[in-house]
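J.: Line by line, the protein sequences are chains P and W. For the first sequence, my numbering assigns the number 1 to the initial residue and increments by one for each residue that follows. For the second sequence, my numbering assigns the number 1 to the initial residue and increments by one for each residue that follows.
These aren't lab readings, by the way, just hints derived from the structure by calculation. One or more of the hints may lead you astray.
No distinction is drawn between identical chains; accordingly, a pair holds when it is met within one copy or between any pair of copies.
[Said to hold, decoys possible] Dumping the calculated SDA-like pairs for lysine to any residue here, alpha-carbon to alpha-carbon at most 20 Å:
id: 1; residue 1: K225; residue 2: Y110
id: 2; residue 1: K43; residue 2: Y3
id: 3; residue 1: K277; residue 2: N125
id: 4; residue 1: K57; residue 2: P181
id: 5; residue 1: K225; residue 2: D86
id: 6; residue 1: K117; residue 2: F297
There are 2 protein chains.
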Amino acid sequence: MNYKPFDPVHRILMGPGPSNIDPRVMKSMSKNLIGHLDPEFIKLMNDIKGLLRYAFKTNNELTFPLSAPGSAGMETCFVNLVEPGDKIIVCINGVFGGRMKENIERCGGYPIVVEDKWGSPVDINKVETALRHNPDAKILAFVHAETSTGVCSDAKELSNLAKSNNCLTIMDSVTSLAGIPIHLDDWKIDAVYSGSQKCLSCPPGLSPVSFSEDALKIVKNRKTKVQSWFMDLSLVMQYWQGGSSRAYHHTAPISAMYALYESLRILKEEGLENTWKRHETAHLELKRGIENLGFSFLVDEESRLPQLNAILLPDKIKPYEAEIRSRLLKEYNLEIGAGLGALSGKIWRIGLMGYGASLNNVKTCVNAIKEVI
Amino acid sequence: MNYKPFDPVHRILMGPGPSNIDPRVMKSMSKNLIGHLDPEFIKLMNDIKGLLRYAFKTNNELTFPLSAPGSAGMETCFVNLVEPGDKIIVCINGVFGGRMKENIERCGGYPIVVEDKWGSPVDINKVETALRHNPDAKILAFVHAETSTGVCSDAKELSNLAKSNNCLTIMDSVTSLAGIPIHLDDWKIDAVYSGSQKCLSCPPGLSPVSFSEDALKIVKNRKTKVQSWFMDLSLVMQYWQGGSSRAYHHTAPISAMYALYESLRILKEEGLENTWKRHETAHLELKRGIENLGFSFLVDEESRLPQLNAILLPDKIKPYEAEIRSRLLKEYNLEIGAGLGALSGKIWRIGLMGYGASLNNVKTCVNAIKEVI
Numbered sequence: 001m002n003y004k005p006f007d008p009v010h011r012i013l014m015g016p017g018p019s020n021i022d023p024r025v026m027k028s029m030s031k032n033l034i035g036h037l038d039p040e041f042i043k044l045m046n047d048i049k050g051l052l053r054y055a056f057k058t059n060n061e062l063t064f065p066l067s068a069p070g071s072a073g074m075e076t077c078f079v080n081l082v083e084p085g086d087k088i089i090v091c092i093n094g095v096f097g098g099r100m101k102e103n104i105e106r107c108g109g110y111p112i113v114v115e116d117k118w119g120s121p122v123d124i125n126k127v128e129t130a131l132r133h134n135p136d137a138k139i140l141a142f143v144h145a146e147t148s149t150g151v152c153s154d155a156k157e158l159s160n161l162a163k164s165n166n167c168l169t170i171m172d173s174v175t176s177l178a179g180i181p182i183h184l185d186d187w188k189i190d191a192v193y194s195g196s197q198k199c200l201s202c203p204p205g206l207s208p209v210s211f212s213e214d215a216l217k218i219v220k221n222r223k224t225k226v227q228s229w230f231m232d233l234s235l236v237m238q239y240w241q242g243g244s245s246r247a248y249h250h251t252a253p254i255s256a257m258y259a260l261y262e263s264l265r266i267l268k269e270e271g272l273e274n275t276w277k278r279h280e281t282a283h284l285e286l287k288r289g290i291e292n293l294g295f296s297f298l299v300d301e302e303s304r305l306p307q308l309n310a311i312l313l314p315d316k317i318k319p320y321e322a323e324i325r326s327r328l329l330k331e332y333n334l335e336i337g338a339g340l341g342a343l344s345g346k347i348w349r350i351g352l353m354g355y356g357a358s359l360n361n362v363k364t365c366v367n368a369i370k371e372v373i
Numbered sequence: 001m002n003y004k005p006f007d008p009v010h011r012i013l014m015g016p017g018p019s020n021i022d023p024r025v026m027k028s029m030s031k032n033l034i035g036h037l038d039p040e041f042i043k044l045m046n047d048i049k050g051l052l053r054y055a056f057k058t059n060n061e062l063t064f065p066l067s068a069p070g071s072a073g074m075e076t077c078f079v080n081l082v083e084p085g086d087k088i089i090v091c092i093n094g095v096f097g098g099r100m101k102e103n104i105e106r107c108g109g110y111p112i113v114v115e116d117k118w119g120s121p122v123d124i125n126k127v128e129t130a131l132r133h134n135p136d137a138k139i140l141a142f143v144h145a146e147t148s149t150g151v152c153s154d155a156k157e158l159s160n161l162a163k164s165n166n167c168l169t170i171m172d173s174v175t176s177l178a179g180i181p182i183h184l185d186d187w188k189i190d191a192v193y194s195g196s197q198k199c200l201s202c203p204p205g206l207s208p209v210s211f212s213e214d215a216l217k218i219v220k221n222r223k224t225k226v227q228s229w230f231m232d233l234s235l236v237m238q239y240w241q242g243g244s245s246r247a248y249h250h251t252a253p254i255s256a257m258y259a260l261y262e263s264l265r266i267l268k269e270e271g272l273e274n275t276w277k278r279h280e281t282a283h284l285e286l287k288r289g290i291e292n293l294g295f296s297f298l299v300d301e302e303s304r305l306p307q308l309n310a311i312l313l314p315d316k317i318k319p320y321e322a323e324i325r326s327r328l329l330k331e332y333n334l335e336i337g338a339g340l341g342a343l344s345g346k347i348w349r350i351g352l353m354g355y356g357a358s359l360n361n362v363k364t365c366v367n368a369i370k371e372v373i
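Only chain P is shown next, with the shape it has when bound in the complex (with noise of 0.2 Å):
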């Protein structure tokens, strides 16, 4: 068999991400490699720390790059801080929400659900009884933005609630982080992971985590050891913390640790506040676009991400939506999301993310969308 160079065509990536990426983040993966103990990558690896704290508005010592994507950012958070028969709240609005769950159950947690219609917001009144009903409870774990719906969840209050119930908080923001406001220690959120590939305009492949002082006593405190050697936290902190010299814990992947790099500097360089306004500003012009050709939204408007639009799809289109989508991708070279799970086949979900959320893009996909219907 005849293997060929791989030359992948040039993709507009506008589904639920990878996004698009800046050609300095892509340029930067093609530099020299080092090595993972090496002086000159031990003071990258602080410098991504630093950035990953002000992507997160936080001053979490333990705050860096999981080396291996978001799905294993959320293990991260569940093997660590959940032990045999602890009871966990776990709300579930979309299919992240469900993979918690599996997660606190492989943990041998005892999840309590809250859930809640697939494009609405975690009802707060729900867990403030679950939270009443379960005194108990250790943690309240939630999405801050449900990739699979594109809804946003009120995370301050969601916190707000477990902190005044003695609960810690962890919360996914895989697809929130850059795209909307974070404020990790104002919100006095205890662990979070997030996704390289999303809003950071990233290869995917790195989970940045993010752990409170709080979490950290529980690690320290445990009963048990982490069910998983790779993701124990008290031995990936060796290698993350620390002075010059660092204990060897698995190799990190030095490429990629260059692209986060880079795509934090750029992030700073516009300036937190100023890349949550262009998604918006983004957001704004393909409502108008794709509202003007008929659809609508699954989420309603005071919930709605703007960096993940789910948009419900007429019962005329729905038989043809699949090969919508891949005619997009065939004659425009841009990629859509499909539906996930229950929302298979009933919406798509159009990513305007990190370097992606440009209006040139809007008018692209508006303009392309309305050719193929």
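Chain P is already provided as a structure; the job is to place chain W on it using the hints.
T.: Just chain W now, kept in the frame of chain P:
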């Protein structure tokens, strides 16, 4: 704080990995990003699977790169094949056998340890005895090429023994893949994991794995759920196997896959056997040079890995060994590896891996050491 562009110097990477990478591989990472469910990417995934089968000499359908470093590949093998209470024979003759034991325990397995001196290969007789005394053992786990000591164990013989005792085998091939012969199917290995950053000369971050039909039967007939969601093969398979449409599991590290594909193409072009020979030739030249300087090897000649050379440090050098490595790095841009664990301060580890297994590198390294000591 001012975050400057990161411009790593050019290092000659002759430690235990990462190794230097071919310019073609470096260039490949900067290619256009496409989606993880794009038909073009799914074709690439199939090609990568085909090339990994070539590298492992296997027909195993489930052969793919896990989206995380080698230590996560190790954990994937154990969490999928070990259930609570399972008896596992694990051979420890260095750091990575010890890590295997950690994994077995964290899965609730019961490890039977066969211990050998660091620097010695796994003793076949001891394994035979262990198998005889433990007829209920489910798996024999061993490291083919110990990265911490540079010793090669007889994988074929170990697997033979396991098979005649109805045991599955888990083999660590992180440092062996593409550096020395592996015949996965001939040897009847059931589960294997490797790393991208050693003799494949890719950036770190991916772990090629392969599973036999017998291993998959065990996975399918488990009584308990795999404790890791991210590494659960029954879920990962839905993304890596099947036809043109794949179920989403996690977002694969696209750019890292480009790099792996290109490095595997280079391996195929050179030919696996020629690559093995090149490692051997470079090793013999290093041996000559380093012995001329008065050094000797930790490992007996018949068990030495060409790609990982553990050099015993004379007493007069030991107190200065860290300083010497630091000077090699600063003055010669040459990275060689320190000893790990019990061998810390007692050996150096000189890697000749993949793209870096060249006579030029050997010359540079021997001359630099000669000048500094």
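J.: Run every hint past the structure and note whether it holds.
T.: Hints, one by one, checked against the model:
no. : hint        : verdict
1   : K225 / Y110 : both (18 Å within a copy, 15 Å between copies)
2   : K43 / Y3    : between (39 Å within a copy, 11 Å between copies)
3   : K277 / N125 : neither (30 Å within a copy, 68 Å between copies)
4   : K57 / P181  : within (9 Å within a copy, 50 Å between copies)
5   : K225 / D86  : both (14 Å within a copy, 18 Å between copies)
6   : K117 / F297 : within (15 Å within a copy, 65 Å between copies)
The structure does not agree with numbered hint 3 stated previously, though it agrees with all others.
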